[in-house]
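Trainee: Residues per chain, in single letters:
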Amino acid sequence: MIAAAFLLLLTLGVILLPLLPALREWRRPTDVTPLPIDEADALEPDYLARRFAQRLDAALAQGVDELGGTALSMLPRSATWPSGLLTRKEQRTGRSERIWYGEGDAVLPAGLHGLAEIAARGTLRAAAGHTYRALLAGGRLTLPPRVRVLRWVHGRSVAVGDLCRVPGRLSADELILMGRNVSFALLHAPTICFAGALPSDAQGTLAGIEGVRWQAAGSDHGHGARSVAMVDHSISIPALRHWEGDLMGAAHLTLGEGCVAQGSVKAAGMISLGAGCQVHGGLMASGEIYLAPGAQVRASIVSETAVVLGPGCVVGVPGAHATVRAPRVEVGQGVVVHGTVWSGSMRLAVGDPLGHVPTGEPDLDDLVAWNEVTGRGVAGSSLAVAPGRTWDGDLVCHGDLALGPRCHAAGGLKAHGAIGLGAGCAVDGSVIAHGEVVVGAGVQVLGSVASESAVLLGPGCIVGAPGRPATVCAPRIEVALGVVVHGTVWAGDSGDALDKMQLVADGADDSGVLPGRALA
Amino acid sequence: MGASQVVQAAVAVVMALGLAAAAVPAQAARSGVEGWNVTLSSPLGPLWSWTLVVSMMVIVLLLAAYAARHYWFSLNRLFGHQRHPFASIVSADWPRVTIFVAAHNEEAVIEDCLVNLMSVDYPEDRMTVVPMNDRSTDRTREIIDAVVERFPGRIRPFHRTGGKPGKAAALKDATETVDTDFIIVFDADYLPSRGLIRRLMAPFFDPEVGAVMGRVVPQNCGANLLTRLLDLERSGGYQVDQQARMNLGLVPQYGGTVGGIRLGALHAVGGWHDDVLAEDTDLTYRLLLGGWKTVYQNRAECYEEVPQNWGVRVRQIKRWAKGHNQAMWRHTAGVLAARHLSWAERIDGALLLGVYIMAPVLMLGWVISLLLYFTVSMQWIAPALVVIAFMTHGALGNFAAFFEIAAATHMDRSHNRIRLLAFNWLGFLVSAVAIGRGALEQVLLDRIGKTQFKWDKTVRYRSAPAAGQPRAGA
Numbered sequence: 126m127i128a129a130a131f132l133l134l135l136t137l138g139v140i141l142l143p144l145l146p147a148l149r150e151w152r153r154p155t156d157v158t159p160l161p162i163d164e165a166d167a168l169e170p171d172y173l174a175r176r177f178a179q180r181l182d183a184a185l186a187q188g189v190d191e192l193g194g195t196a197l198s199m200l201p202r203s204a205t206w207p208s209g210l211l212t213r214k215e216q217r218t219g220r221s222e223r224i225w226y227g228e229g230d231a232v233l234p235a236g237l238h239g240l241a242e243i244a245a246r247g248t249l250r251a252a253a254g255h256t257y258r259a260l261l262a263g264g265r266l267t268l269p270p271r272v273r274v275l276r277w278v279h280g281r282s283v284a285v286g287d288l289c290r291v292p293g294r295l296s297a298d299e300l301i302l303m304g305r306n307v308s309f310a311l312l313h314a315p316t317i318c319f320a321g322a323l324p325s326d327a328q329g330t331l332a333g334i335e336g337v338r339w340q341a342a343g344s345d346h347g348h349g350a351r352s353v354a355m356v357d358h359s360i361s362i363p364a365l366r367h368w369e370g371d372l373m374g375a376a377h378l379t380l381g382e383g384c385v386a387q388g389s390v391k392a393a394g395m396i397s398l399g400a401g402c403q404v405h406g407g408l409m410a411s412g413e414i415y416l417a418p419g420a421q422v423r424a425s426i427v428s429e430t431a432v433v434l435g436p437g438c439v440v441g442v443p444g445a446h447a448t449v450r451a452p453r454v455e456v457g458q459g460v461v462v463h464g465t466v467w468s469g470s471m472r473l474a475v476g477d478p479l480g481h482v483p484t485g486e487p488d489l490d491d492l493v494a495w496n497e498v499t500g501r502g503v504a505g506s507s508l509a510v511a512p513g514r515t516w517d518g519d520l521v522c523h524g525d526l527a528l529g530p531r532c533h534a535a536g537g538l539k540a541h542g543a544i545g546l547g548a549g550c551a552v553d554g555s556v557i558a559h560g561e562v563v564v565g566a567g568v569q570v571l572g573s574v575a576s577e578s579a580v581l582l583g584p585g586c587i588v589g590a591p592g593r594p595a596t597v598c599a600p601r602i603e604v605a606l607g608v609v610v611h612g613t614v615w616a617g618d619s620g621d622a623l624d625k626m627q628l629v630a631d632g633a634d635d636s637g638v639l640p641g642r643a644l645a
Numbered sequence: 183m184g185a186s187q188v189v190q191a192a193v194a195v196v197m198a199l200g201l202a203a204a205a206v207p208a209q210a211a212r213s214g215v216e217g218w219n220v221t222l223s224s225p226l227g228p229l230w231s232w233t234l235v236v237s238m239m240v241i242v243l244l245l246a247a248y249a250a251r252h253y254w255f256s257l258n259r260l261f262g263h264q265r266h267p268f269a270s271i272v273s274a275d276w277p278r279v280t281i282f283v284a285a286h287n288e289e290a291v292i293e294d295c296l297v298n299l300m301s302v303d304y305p306e307d308r309m310t311v312v313p314m315n316d317r318s319t320d321r322t323r324e325i326i327d328a329v330v331e332r333f334p335g336r337i338r339p340f341h342r343t344g345g346k347p348g349k350a351a352a353l354k355d356a357t358e359t360v361d362t363d364f365i366i367v368f369d370a371d372y373l374p375s376r377g378l379i380r381r382l383m384a385p386f387f388d389p390e391v392g393a394v395m396g397r398v399v400p401q402n403c404g405a406n407l408l409t410r411l412l413d414l415e416r417s418g419g420y421q422v423d424q425q426a427r428m429n430l431g432l433v434p435q436y437g438g439t440v441g442g443i444r445l446g447a448l449h450a451v452g453g454w455h456d457d458v459l460a461e462d463t464d465l466t467y468r469l470l471l472g473g474w475k476t477v478y479q480n481r482a483e484c485y486e487e488v489p490q491n492w493g494v495r496v497r498q499i500k501r502w503a504k505g506h507n508q509a510m511w512r513h514t515a516g517v518l519a520a521r522h523l524s525w526a527e528r529i530d531g532a533l534l535l536g537v538y539i540m541a542p543v544l545m546l547g548w549v550i551s552l553l554l555y556f557t558v559s560m561q562w563i564a565p566a567l568v569v570i571a572f573m574t575h576g577a578l579g580n581f582a583a584f585f586e587i588a589a590a591t592h593m594d595r596s597h598n599r600i601r602l603l604a605f606n607w608l609g610f611l612v613s614a615v616a617i618g619r620g621a622l623e624q625v626l627l628d629r630i631g632k633t634q635f636k637w638d639k640t641v642r643y644r645s646a647p648a649a650g651q652p653r654a655g656a
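So the sequence lines, in the order shown, correspond to chains A and B.
According to our numbering, the residues represented by the first sequence are 126 to 645, in order.
According to our numbering, the residues represented by the second sequence are 183 to 656, in order.
In case anyone wonders, no lab produced these hints; they're calculated from the structure.
Errors might be hidden in some of the hints.
Stated by the list, open to error - Here are the computed distance ranges between Cβ atoms for each label pair: (1) 143(A) <-> 516(B): 37 to 45 Å; (2) 153(A) <-> 516(B): 36 to 44 Å; (3) 627(B) <-> 131(A): 44 to 52 Å; (4) 497(A) <-> 358(B): 19 to 27 Å; (5) 235(A) <-> 404(B): 53 to 61 Å; (6) 525(B) <-> 387(A): 56 to 64 Å; (7) 443(A) <-> 363(B): 25 to 33 Å; (8) 334(B) <-> 210(A): 49 to 57 Å; (9) 505(A) <-> 344(B): 44 to 52 Å; (10) 161(A) <-> 233(B): 50 to 58 Å; (11) 319(B) <-> 193(A): 50 to 58 Å.
Stated by the list, open to error - Calculated Cβ distances over 12 Å to all of chain B for the following chain A residues: (12) 215; (13) 333; (14) 334; (15) 335; (16) 409; (17) 425; (18) 445.
Idealized CB from N, CA, C, for every residue including glycine.
The task is simple: from the sequences and hints, build the whole structure.
Mentor: The following block contains the structure:
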């Protein structure tokens, strides 16, 4: 009898116990507000900077001396701060927990790490090797080498030095210049240049490069004097520089990735063009001439020794033929020459320069089923496209997708496996893959590049275009020198994880390897 | 849509009844039976006995399959790899899009929806808002025209006065007037947030994506117990169920609102079908069979209004059930036979189609349990196994059901509302009965008379602005 009663009570208890908290919450509600949704668009890359700027402006307008419980202090302009400005604790620890702001330009002093936000209406220059929580500048913001910014960085333009580390958000209204070996998570600007060495002034041109002398030389077909840059010794021009006029070297000339020369390049020694370089004139050298993958030269190339054309290079333009002339010419896969290749004693072709499909190899249309309604092609298994192929419409591949050099897809690409784009390829749409996306040198992608695994952007690549932004996103992103991205580079698990992003940005876990890396 | 919750209810109730049914053979076993042979006896004969037992086993297996599926989804969402492949696409050359707002007698809510759409951050010259006013007899037309005047050039109303009734028919007609490659569809009670359109459009950069679905969040969840239970149900359905299907490469569902469609894909699979009761589910499967993917974007969140009284809720879920079951009838065989889909996609696709039929299956289980109890004497060497099977299945089912909602609530970081979880029994039972009735009507009554397509509108709870006056704060 007792056992039966106990069993009955136990049963009733098991049934009723879960109902008690439910009953309580029903009668005395404690959690009835709608779930919050991201109405403020906090995932926008510059959201944190914009929100801070608004709060700072509001605080300054009200004349208060604190912001969210943190003291506000005026930034001096000089890097040498007057004694007495810092508290004893700040002097002793080398850390400031105040929010600093300045109405003009500012230079942050050595020996002081900023654990709260620092803002300047003009330009702002951080101190090398220091750590900051967040930096905001109305003008140019410079992060010298080995600076670490935990939460966010925003300026009109931002220059990031070598070995910097930015686990939070880095955004600019106009331009971001990335140094070498920079670790990052999120970059956002109309133009992001992975330029390597940072020019001090006159960014992006030959100014500031030691040994370059400019002089006017004659008339350019009635269009006025044409400039010539003279160099008396061997020189290596950093990536992504651009200039108008001829460049003449007395020794060897090396152009970094993505350089654009609006003229010819001549050298007494050898000439080496980095991946994705564009020379609107010709190349002439006594020594060898090397063109890295994806380089383009509009006029003739003449060498007294040898010419080596990397995969995906283009020489000449349709309607204005050019000549490649040297005792020895080596031609990579997917190279296009509009005109003549004339090798005095030897011509070596690596692979199939003209992109002809070898006999017996199926044509693209045999491997892809094209939908007449949508214009979309679907390949049921892995697909390797021969060099130089062009097609209209999107292409979906259920395996891995490999495009040979100099292919042109007038649509988007999607693969369930990995995607590899050969040198000099052009894709008018987006590139989306479950596996890795490896983008070869000198490739141009007008749309976004997204992978659920990793994206590797080869030297001289361009993603997006001015006025046509794009996003590169993947759990891991590695970017070579000479790459230009117009829009956003978002490395990490995903933009869905807002809280995670902010936690990392707060420095809660900044010890690990960051998902984005600008290569040396 | 609450489908998974219905299945969960089914699992729970069959557990209870299954225990009752199992109790009989447990007593009968005491008479002693040798070996593993099962001995059934019934005054109605062996065919009767075996039919009941086998039917019961099939039902248990089906329910156990759904229970396992819910477990799998919950665990995946809590501990598995999360896929949000398009959530980081924030910079893009955004394509032109037409945004439909379906409205039939929506004077109470249409203005808020249109005004919210005017403040989204999608480029103005790339989006056209089209309020799709289908034969409204209230002030919907007047309110739409007033909003059009406030935002000149940005809204192109589509006032429909004739043709076939129903949302699918209205969408079909309105789509004919579109000159963009993509459309997004909202119901009139939805309140799109600032970044919503971009988040819905981002997946379309993938040329394989035919449709995108966002997350629906109840705005009036604090109104009463029903809205709070529906809030929990929505959380489980979207935060766990839909996202887990996305994570696992299965079949996320286009839900007909807060979603986008690639028109090329729509045309490739035959356009809108205005003879279906659930154009969203139908389209999800036609796209799947046509080689297009549907993507769920968990961060594309939008507020909606949920029913505030049980009568409205019952009508709503009955409508959904009929449409879903119709899609099940049309597409299950095709999905299972589709060779271009993985086996996981095929099985999940079929299970998703079957979620609403599980309520009638559950009721059949009740009946069979009772028949087993009263008409069949079952003897088994190990009757405890039957008890364990029922208990395990029942317990797993219950836990799976509640676990999905609990996991979602945990992920939403809204901890106190989880206390209401035990009350979800109530919602489950009401839904199960409503769906069962809907299925019965569909099989018996709808076949007698020709199905009438009409707007089966959900009641709105916001009040309409006064005539000639914009809403306060607008």
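Trainee: Does each hint hold? Answer for all of them.
Mentor: The hints, checked one at a time:
Checked against the hint of 37 to 45 Å, the C-beta distance between residue 143(A) and residue 516(B) comes to roughly 42 Å, which is consistent with it. Distance hint for residue 153(A) and residue 516(B): a CB-CB separation of about 51 Å, inconsistent with the stated range 36 to 44 Å. Between residue 627(B) and residue 131(A) the beta carbon distance is about 51 Å. The supplied range of 44 to 52 Å therefore holds. Range check, residue 497(A) to residue 358(B): about 20 Å between beta-carbon atoms, so the 19 to 27 Å window is met.
At roughly 55 Å, the beta-carbon separation of residue 235(A) and residue 404(B) lies within the given 53 to 61 Å, and the hint holds. At roughly 58 Å, the beta carbons of residue 525(B) and residue 387(A) sit within the given window of 56 to 64 Å. Residue 443(A) and residue 363(B) have their C-beta atoms about 31 Å apart, which keeps the hinted 25 to 33 Å range intact. Taken as a hint, the range 49 to 57 Å holds for the pair residue 334(B) and residue 210(A), whose Cβ atoms sit roughly 55 Å apart.
Judged by the Cβ atoms, the range 44 to 52 Å given for residue 505(A) and residue 344(B) holds: they are separated by roughly 45 Å. Range check, residue 161(A) to residue 233(B): Cβ separation about 53 Å, and the 50 to 58 Å hint holds. Roughly 53 Å separates the CB atoms of residue 319(B) and residue 193(A), a value that falls within the hinted 50 to 58 Å. At roughly 36 Å, the least C-beta separation between residue 215(A) and chain B is larger than 12 Å, which holds for a residue marked as non-interface.
Against chain B, the non-interface label of residue 333(A) holds: every CB pair exceeds 12 Å, the least being about 30 Å. Remark: the non-interface label on residue 334(A) is consistent with the geometry, its nearest Cβ contact in chain B lying 32 Å away (cut-off 12 Å). With a least beta-carbon separation of about 37 Å from chain B, residue 335(A) lies farther than 12 Å from that chain, consistent with its non-interface assignment. Every Cβ of chain B is farther than 12 Å from the Cβ of residue 409(A); the closest lies at roughly 39 Å, confirming the non-interface assignment.
Annotated as non-interface, residue 425(A) keeps its C-beta farther than 12 Å from every C-beta of chain B; the closest such distance is 36 Å. Every Cβ of chain B is farther than 12 Å from the Cβ of residue 445(A); the closest lies at roughly 30 Å, confirming the non-interface assignment.
The structure fails hint 2 only (numbered hints given earlier).
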